[in-house]
Amino acid sequence: MRYVITTVALIGIALLILLAKSLSNSDLISSDTFRLLLMFNIVFICALIVLITIQIARLLQNVKKEIVGSRLTMRLVVSFATIVIIPVTIVYLVSVSFLTKSIESWFNVQVESALYGGLSLGQKTLDILLKDVELKSKSMAYSIGAAEESSTTEILNDLREKFSIQEAVIFDNNSKILSVSGDYLTPLPALPKQQDLMRASEGFFGKIEEVDGRIFMKAYVPIPSNKLLKADRIIQITQPIPESISDIALSVESVYEEYQTLAYSRSSLKIIYTITLTLVLLLAILSAVAASFFISRRISKPISLLADATRQIAKGKYNKKIPENSRDELGLLVKSFNSMTMKLNDATKSSKKSRERLEIARAFLDTILTHLSSGVIVIDKDGMIKLHNITASKIIEFKKIDMTNIKFTNDISRNEIYKPMIQKINALISATKIVKEQSVEFNTNNKSNEEIIRVQITPLRSEKNISYILVIDDITELTKGQRNQAWSEIARRLAHEIKNPLTPIQLSAERIEHKLKDKLSSEDLIMLKKSTATIVNQVQALKTMVNEFSEYSRPPERKIKAFNLFELFENIVELYQATKIKITLNAPNKLISIKADENKIRQVIINLIENAKDGLAKEKNPKLTIKIIDDKKWITFLIQDNGMGISEELMGRIFEPYVTSKKNGTGLGLAIVNKIIEEHSGVIKIKGNKDKGTIVSVGLPKSGL
Amino acid sequence: MHYLKKIRNKLVLIWVILFSINAYSMEQKIETSDIKLDFKGGHYFISYSQSISLLSEAREALSKGIPFHFLVTAKISKKNKYGFKSIILSKIFYFELKYKSLLRKYMVSDMNDQKSYFSNIDDALKKLSYIEKWDIGPSIELKEGTLELKTKLDKRYLPKALQINFNDKSWDVESKIKKYEIGKLN
Numbered sequence: 002m003r004y005v006i007t008t009v010a011l012i013g014i015a016l017l018i019l020l021a022k023s024l025s026n027s028d029l030i031s032s033d034t035f036r037l038l039l040m041f042n043i044v045f046i047c048a049l050i051v052l053i054t055i056q057i058a059r060l061l062q063n064v065k066k067e068i069v070g071s072r073l074t075m076r077l078v079v080s081f082a083t084i085v086i087i088p089v090t091i092v093y094l095v096s097v098s099f100l101t102k103s104i105e106s107w108f109n110v111q112v113e114s115a116l117y118g119g120l121s122l123g124q125k126t127l128d129i130l131l132k133d134v135e136l137k138s139k140s141m142a143y144s145i146g147a148a149e150e151s152s153t154t155e156i157l158n159d160l161r162e163k164f165s166i167q168e169a170v171i172f173d174n175n176s177k178i179l180s181v182s183g184d185y186l187t188p189l190p191a192l193p194k195q196q197d198l199m200r201a202s203e204g205f206f207g208k209i210e211e212v213d214g215r216i217f218m219k220a221y222v223p224i225p226s227n228k229l230l231k232a233d234r235i236i237q238i239t240q241p242i243p244e245s246i247s248d249i250a251l252s253v254e255s256v257y258e259e260y261q262t263l264a265y266s267r268s269s270l271k272i273i274y275t276i277t278l279t280l281v282l283l284l285a286i287l288s289a290v291a292a293s294f295f296i297s298r299r300i301s302k303p304i305s306l307l308a309d310a311t312r313q314i315a316k317g318k319y320n321k322k323i324p325e326n327s328r329d330e331l332g333l334l335v336k337s338f339n340s341m342t343m344k345l346n347d348a349t350k351s352s353k354k355s356r357e358r359l360e361i362a363r364a365f366l367d368t369i370l371t372h373l374s375s376g377v378i379v380i381d382k383d384g385m386i387k388l389h390n391i392t393a394s395k396i397i398e399f400k401k402i403d404m405t406n407i408k409f410t411n412d413i414s415r416n417e418i419y420k421p422m423i424q425k426i427n428a429l430i431s432a433t434k435i436v437k438e439q440s441v442e443f444n445t446n447n448k449s450n451e452e453i454i455r456v457q458i459t460p461l462r463s464e465k466n467i468s469y470i471l472v473i474d475d476i477t478e479l480t481k482g483q484r485n486q487a488w489s490e491i492a493r494r495l496a497h498e499i500k501n502p503l504t505p506i507q508l509s510a511e512r513i514e515h516k517l518k519d520k521l522s523s524e525d526l527i528m529l530k531k532s533t534a535t536i537v538n539q540v541q542a543l544k545t546m547v548n549e550f551s552e553y554s555r556p557p558e559r560k561i562k563a564f565n566l567f568e569l570f571e572n573i574v575e576l577y578q579a580t581k582i583k584i585t586l587n588a589p590n591k592l593i594s595i596k597a598d599e600n601k602i603r604q605v606i607i608n609l610i611e612n613a614k615d616g617l618a619k620e621k622n623p624k625l626t627i628k629i630i631d632d633k634k635w636i637t638f639l640i641q642d643n644g645m646g647i648s649e650e651l652m653g654r655i656f657e658p659y660v661t662s663k664k665n666g667t668g669l670g671l672a673i674v675n676k677i678i679e680e681h682s683g684v685i686k687i688k689g690n691k692d693k694g695t696i697v698s699v700g701l702p703k704s705g706l
Numbered sequence: 003m004h005y006l007k008k009i010r011n012k013l014v015l016i017w018v019i020l021f022s023i024n025a026y027s028m029e030q031k032i033e034t035s036d037i038k039l040d041f042k043g044g045h046y047f048i049s050y051s052q053s054i055s056l057l058s059e060a061r062e063a064l065s066k067g068i069p070f071h072f073l074v075t076a077k078i079s080k081k082n083k084y085g086f087k088s089i090i091l092s093k094i095f096y097f098e099l100k101y102k103s104l105l106r107k108y109m110v111s112d113m114n115d116q117k118s119y120f121s122n123i124d125d126a127l128k129k130l131s132y133i134e135k136w137d138i139g140p141s142i143e144l145k146e147g148t149l150e151l152k153t154k155l156d157k158r159y160l161p162k163a164l165q166i167n168f169n170d171k172s173w174d175v176e177s178k179i180k181k182y183e184i185g186k187l188n
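These protein sequences, in sequence, are chains W and F.
Here the first sequence is numbered in our numbering, starting from 2 and rising by one per residue.
Here the second sequence is numbered in our numbering, starting from 3 and rising by one per residue.
What the hints contain is simulated information worked out from the structure, not anything from laboratory work.
Remember, predicted model here, so these are calculated numbers, not experimental data.
C-beta: ideal position from N, C-alpha, C; glycine also.
Do not rely on the hints blindly, as some may be mistaken.
Quick partial rundown of chain F residues pointing at chain W, CB under 8 Å, derived from the structure [what the hints assert, rightly or not]:
| no. | residue |
| --- | --- |
| 1 | 60 |
| 2 | 61 |
| 3 | 63 |
| 4 | 67 |
| 5 | 68 |
| 6 | 105 |
| 7 | 106 |
| 8 | 110 |
| 9 | 119 |
| 10 | 163 |
| 11 | 164 |
| 12 | 177 |
| 13 | 180 |
Think about it this way: if two alpha-carbon atoms lie no more than 25 Å apart in a straight line, the pair counts; the simulated SDA-like pairs of lysine to any residue are [as the list claims (entries may be wrong)]:
| no. | chain 1 | residue 1 | chain 2 | residue 2 |
| --- | --- | --- | --- | --- |
| 14 | F | 102 | W | 243 |
| 15 | F | 157 | W | 37 |
| 16 | W | 194 | F | 157 |
| 17 | W | 350 | W | 313 |
| 18 | F | 102 | W | 214 |
| 19 | W | 208 | F | 157 |
| 20 | F | 102 | W | 109 |
| 21 | W | 544 | W | 520 |
| 22 | W | 481 | W | 549 |
| 23 | W | 208 | F | 120 |
| 24 | F | 117 | W | 481 |
Let's have the full structure, built from the sequences with the hints guiding it.
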């Protein structure tokens, strides 16, 4: 486009110069060339119109498509075009008017009258001079006619000199020179034309001619003759107009003719100048409009690029860079914009990275919180839950999975047992007693299933706000484990300290009886035997208790092997056939293979059946039902009796040592059973209501682990 | 029907314009006739008659002192053995017609620069009506060939404004190119 406009401008200027040149009377450009130039200019204007039309169409199309910068370009083009068209049109109109008036002013009446007057003066002068020559020639003709023919030449010379005539020649009717007289030697006077002589034969005939830039008068007069009625001789007088008069007259004529020529061609001049000016106007306007497209695009391009880049940035593409082509204010703006976008891009990248890191950290935190065995709840100063994990909702038994932005009140839990704990936490927070990390343990007082929860409250201060992080742990199992460990230690020490003296005590008692049985009276002997029996029995009882303690405190040791659980149950049940308890064994088949320590499992089963047997002691119709369930990975057996059941108070601590409902029980049986089941990675549950029997459910993994 | 009528009207208009142009050109022209070609002393001499018709506008321009220079071009050519035209002789000459305001006469200057003065334009044009024995140059005598003759008003001598006024046809005064076979003329 730049090159097209430059080329167009150069061609236009060249054409205009040629056109202007052709208007002068130069021989450089002929009329044909001028026409050709005119056609070139018209073609050129048409080409410009086509070019501009295409540009306008393209611009309108861009505006319609809402291409960035097109509206600005259009506005600039219209502005430029208006700025050019209005003054140029005014100049054109003024020029045309001025030109027309100027051309008209060349031809005013006074000038024309003066020139015509000068010409008339010249004409009159010539007429007067011719009249003078006529008189002189006639006088000469009469004088020569009256004289003798022999003296003609002499008289001719005298008269020519007398009248100051340049040349006088006498011809006969056949144009034969009869006599010549001149003020200079003329080798041969110019012969008169036949028609001039013919006219002269009828009387005076004079004419004025221009020869080599000088004006000559020629007069023809017939010379009268006395002999003949008709004149047979003609005198030709040639007299030049005085040089001073001739020059002036010719000069006036030349100016007059020039004036007349100009005056005649003024309408053509007006047309040509008007056409030229119109072409100049059109070329100027069209070139300016064509250039305005280029200039407008050049001006609007950086702005368009800026607008486009702004849009791109608004869409989030911060790596947009605009080429810096100019050093002006726009260039500076582009440079600043590029700098800004670069910084923005860097900041965005940095922000994105931070966000990603934050997301990762958050995801990491979420993962941690999700998989954390502790429940975590974040509460703001108004008591609203801002964050919590699944474990917290499980521990406190939230009504909904997500309790975010819900007030931390009693209503959040489905279970009534947690309400005191929630109230206590709220009381602690609202009383603003918590300054640093504080740990509180709560026992839910659940009779059937003891539950101990520890809540760690940590205040989190940020500027004016304060939040609280509650870390909630169900430490029931931990507490139980600690308790069991303590019991195991006690049992181990008791077993160690008590077991050793028992055998000497028993042996000493037996020896006393053996030594004294023959020395004592029957009454004393009876008392001795009774006493030693009591000692032996109590020692035996102590041994049993110590053995149980040993069993409870022994380190975990298992001999895992596969065996048929159904067969084991059959063997054990057979031992109780002699009792009055009706035992029913249900199993899906007779081969239920399991990997476990068979002896330990036997101990578990016997212990549980013994407990059931004790519970059924007062039952008139004792029943014991054993049911084995074989799943894919687990084997569960249920032992159900219709005995006295277990009180609610005992149920929560039933697996703890020394917790028993039996009068003579050590309270270690179920503790040992629980220990064995835990060692086999199994699960034991006891469900029993007072006087409604007991159901014990034991689940063991088939694989033994 | 309406369109047919329109087309018919247009055709009538075009015919009128063409007729006008034709009539115009009939008035403003130079007719050459009676061409005679003589070969004497190794030179060809041409004699012919011509009739110059001028429009009132041209006559008015002439009376204002604008000189009319008529350019006469004569060419003798013959075909060579390849059939192409070969120029044997080419000659141009001018004669001038001008009104002398001071003398109030029309001046005719012929090819030999001989000036003649006439009181009216018709007498002046009559003077130009016969061109006698114009020496168009030395040559060998041709048994066959073509003589081309053309006379036209040379617009280069007109004032520039009149020259370049492309809309004005008053100055298109010229004869058609007349072609004569030399054999027939002799």
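A quick look at each hint next to the structure:
no., hint, result
1, 60, "violated (11 Å)"
2, 61, "violated (12 Å)"
3, 63, "holds (6 Å)"
4, 67, "holds (3 Å)"
5, 68, "holds (5 Å)"
6, 105, "holds (6 Å)"
7, 106, "holds (7 Å)"
8, 110, "violated (12 Å)"
9, 119, "holds (6 Å)"
10, 163, "holds (4 Å)"
11, 164, "holds (5 Å)"
12, 177, "violated (19 Å)"
13, 180, "violated (23 Å)"
14, 102/F with 243/W, "holds (19 Å)"
15, 157/F with 37/W, "holds (16 Å)"
16, 194/W with 157/F, "violated (33 Å)"
17, 350/W with 313/W, "holds (16 Å)"
18, 102/F with 214/W, "holds (13 Å)"
19, 208/W with 157/F, "violated (32 Å)"
20, 102/F with 109/W, "holds (23 Å)"
21, 544/W with 520/W, "violated (30 Å)"
22, 481/W with 549/W, "holds (20 Å)"
23, 208/W with 120/F, "holds (11 Å)"
24, 117/F with 481/W, "violated (154 Å)"
The structure fails hints 1, 2, 8, 12, 13, 16, 19, 21, 24 (numbered hints given earlier, in ascending order).
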